[in-house]
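**Q** The residues making up each chain are set out below.
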Amino acid sequence: MIKRRDFIKQSLQATGALALGVAWSSCEKPKKISGTIGTPNYKIGHLLRNISLPQTTDIIKTDCVVIGGGVSGLAASRKLKQLNIDHVLLELENKTGGNAQAGQTSVGSYPFGAHYVTVPTLNDKEYLDFLQSCKLITSFEKGLPVLNDYHVCFDLKERLYIHGQWQEGLLPLQGLSKEELEGMKRFEEQTYFYKNYTGKDGLPAFTLPLTFSSRDPELLQLDTISFAAWLQSKNIYGKALYWYLNYCMADDYGGTIDSVSAWAGLHYFASHQAKAFNVDEDAVLTWPEGNNWLIQQLKQQAGANIKTGQLVYQVEEKSNALYLRVFDIEAGNWVLYETQHIISCVPQFVNQYMLQGIDRKVNTQAYTYAPWVVANVVVDTDAMHGFGAELAWDNVIYDNDSLGYVHANHQQLAQRSVNGKSNITYYKPLVKQDAKAARERMMKTSYQQWYDSIVADLKIPHPLIESNLHQLDVWLWGHGMIQPSVGFITRPTAKLDKQSYRHKIHFAHTDLVGISVFEEGFYAGTQAALQVLQA
Amino acid sequence: MPTSAHSNQRFQVILLLSVFVVATCGLVYELIAGTLASYLLGDSITQFSTIIGTYLFSMGIGSYISRYFEHNLMRWFIQIEMLVGLVGGFSSTLLYVLFNQVEFFRILLYGSVVLTGTLVGLELPLLMRILKDKIEFNDLVSKIFTFDYIGALLASLVFPLVCVPYLGILKTSFFFGLLNVGVALWVCLLFKSEIPDYKATFASGIFFVIMLATGFVLSDRIISFSESLSYSGKIIVSTSSPYQRIILTKQKDDLRLFLNGNLQFSSKDEYRYHEALVHPAAVRTKNLNKVLVLGGGDGLAVRELQKYKEVKELVLVDLDAAVVKLFTTHQALIKLNEDALRKENVKVIHDDAFTWMKQNQTLFDLIIIDFPDPSNFSLGKLYSQTFYRELRRSLHPDGLCVVQSTSPYFARQSFWMINQTIASCDYNTQAYHCYLPSFGEWGFIMAGATVPKDPLRSYPNDVKFINEETFQQLNHFPPDMSKVETGVNKLNDQLLVHIFEKEWSAYLHD
Chain A
1 MIKRRDFIKQ SLQATGALAL GVAWSSCEKP KKISGTIGTP NYKIGHLLRN
51 ISLPQTTDII KTDCVVIGGG VSGLAASRKL KQLNIDHVLL ELENKTGGNA
101 QAGQTSVGSY PFGAHYVTVP TLNDKEYLDF LQSCKLITSF EKGLPVLNDY
151 HVCFDLKERL YIHGQWQEGL LPLQGLSKEE LEGMKRFEEQ TYFYKNYTGK
201 DGLPAFTLPL TFSSRDPELL QLDTISFAAW LQSKNIYGKA LYWYLNYCMA
251 DDYGGTIDSV SAWAGLHYFA SHQAKAFNVD EDAVLTWPEG NNWLIQQLKQ
301 QAGANIKTGQ LVYQVEEKSN ALYLRVFDIE AGNWVLYETQ HIISCVPQFV
351 NQYMLQGIDR KVNTQAYTYA PWVVANVVVD TDAMHGFGAE LAWDNVIYDN
401 DSLGYVHANH QQLAQRSVNG KSNITYYKPL VKQDAKAARE RMMKTSYQQW
451 YDSIVADLKI PHPLIESNLH QLDVWLWGHG MIQPSVGFIT RPTAKLDKQS
501 YRHKIHFAHT DLVGISVFEE GFYAGTQAAL QVLQA
Chain B
1001 MPTSAHSNQR FQVILLLSVF VVATCGLVYE LIAGTLASYL LGDSITQFST
1051 IIGTYLFSMG IGSYISRYFE HNLMRWFIQI EMLVGLVGGF SSTLLYVLFN
1101 QVEFFRILLY GSVVLTGTLV GLELPLLMRI LKDKIEFNDL VSKIFTFDYI
1151 GALLASLVFP LVCVPYLGIL KTSFFFGLLN VGVALWVCLL FKSEIPDYKA
1201 TFASGIFFVI MLATGFVLSD RIISFSESLS YSGKIIVSTS SPYQRIILTK
1251 QKDDLRLFLN GNLQFSSKDE YRYHEALVHP AAVRTKNLNK VLVLGGGDGL
1301 AVRELQKYKE VKELVLVDLD AAVVKLFTTH QALIKLNEDA LRKENVKVIH
1351 DDAFTWMKQN QTLFDLIIID FPDPSNFSLG KLYSQTFYRE LRRSLHPDGL
1401 CVVQSTSPYF ARQSFWMINQ TIASCDYNTQ AYHCYLPSFG EWGFIMAGAT
1451 VPKDPLRSYP NDVKFINEET FQQLNHFPPD MSKVETGVNK LNDQLLVHIF
1501 EKEWSAYLHD
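Protein chains in written order, with this note's numbering: chain A, 1 to 535; chain B, 1001 to 1510.
List of simulated lysine-lysine pairs, BS3-like, C-alpha gap at most 27 Å:
1) B:Lys-1252 <-> B:Lys-1464
2) A:Lys-299 <-> B:Lys-1358
3) A:Lys-135 <-> B:Lys-1358
Calculated from the structure, these hints are not laboratory results.
This is chain B alone, in the form it adopts within the complex (with noise of 0.2 Å):
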């Protein structure tokens, strides 16, 4: 042991800037918990509240728990101050990464928060025991209270004004980690006399700052990487456009498309959503020459028209140029669209669907459109009595058109408002549903000027779920799914996404 006295006044020294360093960054990870917490959950004040008052009573734990480490203190004193700064560190991280994974978000929270919140409260009372017989007692007490509260100080004035704008939550919890992790490896190389197995420990410590340092640097792409989580294939294509990130996943022969996370097709039975949304409206249109498709950038409706020799100009109109050229180039998607989007008589259309349709002047036979649900209100425009009557105006008095038009099940009152308000704008509807096996039961809105009863050309050979027959039986709506009398959906009053919104999350967060 050092007896000098230089020597002690520098093991003081040290230590006593240990404490200032565990005070801040104990405070830090306190805020970081609290912000991710309102930031993930909302309701700030309470978040906060409950945060802080879990983290305050596990530093109480800790304190507690702290009577049962015996020898070697400095030894204990330093492991835990590296377990602090791994915890603390990946803990943002952690919970950022699983907060759409798990259901238990919030005993994660609380369980990381209580852990970090204990190991903190350990380590004031070690570190109080370790200095008994260098300080005097009452120079000892407030001599690390005083850096303990200096540290909290400097925490809460750097969080907010410094750490958060800079760096980010991920990466300040990265960086105090390392903080700590780092303040542990100094003591230790300083003491190493006092540490038996002082190799191991350091060892320990150093892949503990690579780790956390890897961590700082990669947080940006842990995030984007925590998506594969959510995926159960294997993850083929992953890649974000200005508008939405897109996966593209294989599991054994089954293709999936994902958009912002949200399922678009299973190439196992994406023909049965296909085939029920292209023909029946395509047998049922007098001219087939003109047809144009919004939305649907995978060219799998696209497909399906093209086994109309009939059809002479396909326009397609899809917001995202990066969805279209994966299903131009991607090898595995070419062979399931079967090209369609390349053939001659394809126009492809990067434009908003809205602002295309105000303006275009051409008349088209059939018009399909496979929007995404109207999951807010941008995408809630798309379902409005505003966009119907424009897309009245571009389609041919004998043409039909079809809406993809959610769930019938899931969502009965959307599927049937989407229904009154296009037939609030001088159509005629008919409403159909099908069973998909990767979504379930999914409703079509068929319209026109009038919707002819029966078939005016026969449905093409090669398709695998669609015939006259079968449509008449998806024409019938058991009481479940059956119409409901529902008002109508407006741009400037959206009850279609406050429905649609209301009877999604009664499924999505039981």
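Looking at chain A on its own, in the form it has when it is part of the complex (with noise of 0.2 Å):
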């Protein structure tokens, strides 16, 4: 009789050869992925600390300086040029764009960030102009926007992996209890209410830009409570249908239903009540580089003197002028700005710093940015299929923590990407902890860390999908987005905060709104720009 030792060991050396063998004769080696990690420049400011403040240094003079180059600088930049005033927008990265930035492999652009916008309102003539003038918009017909076919997201545009398979839509739709199909049904009637509801002002309940949306007191009052509770004062449950939305805050907001307050929550289903002529409401307009095209589009509308690389270190008032000390990163050399007017369209906690010698008074504590990972993937297009409905523009796993991922490629009109290959863009906010803590534990994990539990969470539909996979990158936005937790939109300082510095520093960020979304951005740039104008 064997031994229990002997039988051990040999059981453990049957296994060994086991797997030794499978290993061996394995045709396809897991090949080694390569790939980058990449941030803001979150580190240039400890840059400074080694640096000593010149003496002298060569004046620019200047009417404005828009600081920042994101949307709202750029639009800013836009409406100064469309106004004729002379000016300069500094940008700390090596590229505008803020959050709608773009990468590029090999088989083309796809976005680090921002990458859709929605049906347009008709409030903002600015934003319609703009859209016009990009083709966005070909024409108007019975006063509504026709949009450009070849941006307005294909067919097929989402699809959910649910049960082991894909279902077209992303709203789960097999294997509902009566609950749950009853909750769902609730809360399809109380968002088609709001979206047609009007205040006692005369004003929507829900629109964007925020600022033409309803002052009624009733409607603010929802921002006091997380959309959560709102749900439950509504009699609305189901799992699946408290995942979807979720889901939906986590997307447009980095937050949770219960970090979220029910006011931005109800504004995400009931703000969508723009309409264009040729698609439904709720069409996206996309592109494969996602909103930097809009970017793009934007840069070359606006003033022709935009730096990037640049360090605003401090801004000082002195003798009705206003004076920037700028470093320029690449030349390595300081540089002081004279101006009129300033347009800020940074985040407060970094005008907090920059505008230390200016008499304003921001609580920064009441502003939260949830940190986002975003991911681009070079895979086969082919793998990406799996059962069930076609690979679609945003492709979604359904209790995941992940957003699943974007089609970049989604938009092209052949039938084949290069060399079969596909980028898709995995989204990820950081939204289940604390957002400082989240961020700095952020920071600090690896590449190979990010890979792992990136390719986890897509190996989930595509079980298979490490052999096609070719490139993965990775992208970290410490500060993604404002997130509008409850009470923060209707913060008592909200008016203070946007409120211009003695008609010359005017603020254009859309943290100062609540919700970062393109047309905030823009309307928030145009609206400062016109302020220069009026100072």
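Combine the two chains into a complex, taking the hints into account.
**A** Put into structure tokens, the structure is as follows:
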């Protein structure tokens, strides 16, 4: 009889031999996947500690300085140019675009951030003009915009991986209990009600830009409770529906139904009352490079004097003029700007440091920014089909912490992408934990760790994806987007925070509004430029 | 029988090790069947539940019938082990290959699960009976089940972590089949004195090893070879391009082209299709200098166009260079298209039709469109309003275009939706259809700023099917194919793809 020890020893040997045999006989060895990890230039601040301020510098005089080259900054510059106001735009990164960055692989461009805009409302005439100038609106029929077919998201727009297969659309449809179906019905009734609801001031309950929404106190009351609390108050329950709502809150706000206010939550569902002549109200405009396409259009219409790699270190007010001490990162030297106006298009936690010499009080503690992880993966397109609905633009995995992935090549007309490969862009807001802690952990995570967790998520619908994966690049957004958490949009200081400083410094970042979307940035930037004119 | 303590110990080790391998392989076959079923049939929860249930139940059957096996249990054990290896090793390939071929795939699937399960179920009881005289009962039961469960654990770990990622499903099952037969051979060799017809058993084992090893090496090729089963004729060309699988078959005089398994034409009746596609529009076009053909890399529409001397420039845009190459090099095919593609007036462009169309600046008198049916969202783009608008830009004001528009009988709404989509882009349309023995009723849409009622020139002499009298009849749609109101197919809302899928699946999955 064999002894226990021998038994175990022999078993282990057999196991080892088996595993070894399998490994040896494999025909396809795992490839070494290449990729990079990128973040905005958050380390530049540290650079300053080792640099001493210069005694004298060259002075550049201009009428206005725009700080920040994201959507609001470029929109401001666009308007200033139209108004013939001499100005300079200073951007910290080496590229403009802010959250709407794009990358490039052998397969084409892809977004590293915001990647679509919804059907425009008719509120902001400037925005409609802009869309028309870049041929996104081709004409108006019966007072409604006709959107350019080539940029409206093609069919299939969305699919959801649930119960082992892909279904068309994102709202789970199968295997729902009677209670869940009733919950969904009640939710639909509520959003339908608010879509068509007008406040006592005659303004629509929810619209974009936010400033055109009603200020009816009864509606604003919704900002004081969480979306989850509101759902419960309306007796709306259901696991599948809650998953879907949480997905939507993460997608647009980097939050959850518990962190986001009911006002913001309802805004997401009830503000799509915008109509276009030729497409449904839930259509979106999208491009392979995401909203960076819009950025490029804005840039073409913006002023000529856009400078990247510029760190605005300090703003001072002296004898009726404003002075900006700016460090040119590439040249490694200091420049002093003298100007009458500043449009600051940077988040308030940056303003806090930059405007230390200016008497402006903003409680930055009230501002929460969701950290985001975005990854672009080059894959074999055929491997992404899976079982059920075809590969869509937006591909979401049920009950997963990520938001799934967007097929960046979706808007291509051709039957097949370059070499049969595609860019898929994976999104994951870190909503499950405190933003600051998540941000700190995020910056410590290695490329391999990101790779593993991202591939693990993608493996849920595509178990064999690793053998069809060619490149994986990660981008980390420490401060991805402002979160419209409970009470934020209607915070008592909201108006004060947005107020210009002595008609000289104007503020136009979307964090002041509470919702980080293209339309808000565009509106804020344009308005700030008009304030310069009026001052 | 070996009696010494040493040989008895060796005897046990060998048999228990084979329990271990049997258990590992058994669970792997079960996992393979579950994975394959989820992969091919979808709904993994149902597939895995029913497969595991059926498999375990079949093991019960095996255990039950083990009582009927008597005399020379060792030989039975070895033979069954070899059979498990053979059945388990080949089952996944067989299922994979036959998925599209047989109507009763589920019966086949569960049949193979029952067979494998029964055989695996036989093994343990037999082994226990073999060992019962050699090991004390308590010890025997404890050891056998320990090995059995460890084997199961190993299988459940190795399968998802090593096998599927590195080997793939088919190679995995061959690999474990080899392992099964290998153990059987080993046991056979060690206990040859106990087995009466040892040589025959051993030889059959070697034969199985060769079969499984061949399967392992050729598994990729087996998949592509399996295609031949779907075609009735003999395959004379089989090639793959980046876009599709190209198969040409021959049965007597009949040549048939299949792209991704879908019949494109039969040389017996293709003249009906291509004459109907080209001539009614060609005789109604005022000028016929510049003609564009989109799709149609087989050159058969071009052959019909070459019958008009006026045609000075013939541009063919086809995505797939491999198709065009086949139709300009293969003798039988050159004969079929009368070498139309290599005539001087033909310019072949390999590009995507939509992207090419969007940037094209030339006006054409006649545009012939011969795309595959709108069976997915990619192809559906080529039937969208946006595409027909681009087409309009490239069409001479006096020009005409013709679109192959699937079957008005099998896919009535799809056909009329293509008509309505074209009409929505400021065209006048004329729908018609003809009967093709190899396809059934097929439909076409002719469109232009105006569609002349009567021919402006005469039909060529050497046509076999179409003439004006025939064409007038083809304009008539009987009530079961007559016009229906549908929506319009748009890039962002491809109604056509949904309807097409629904209509054709009603015929295909009856």
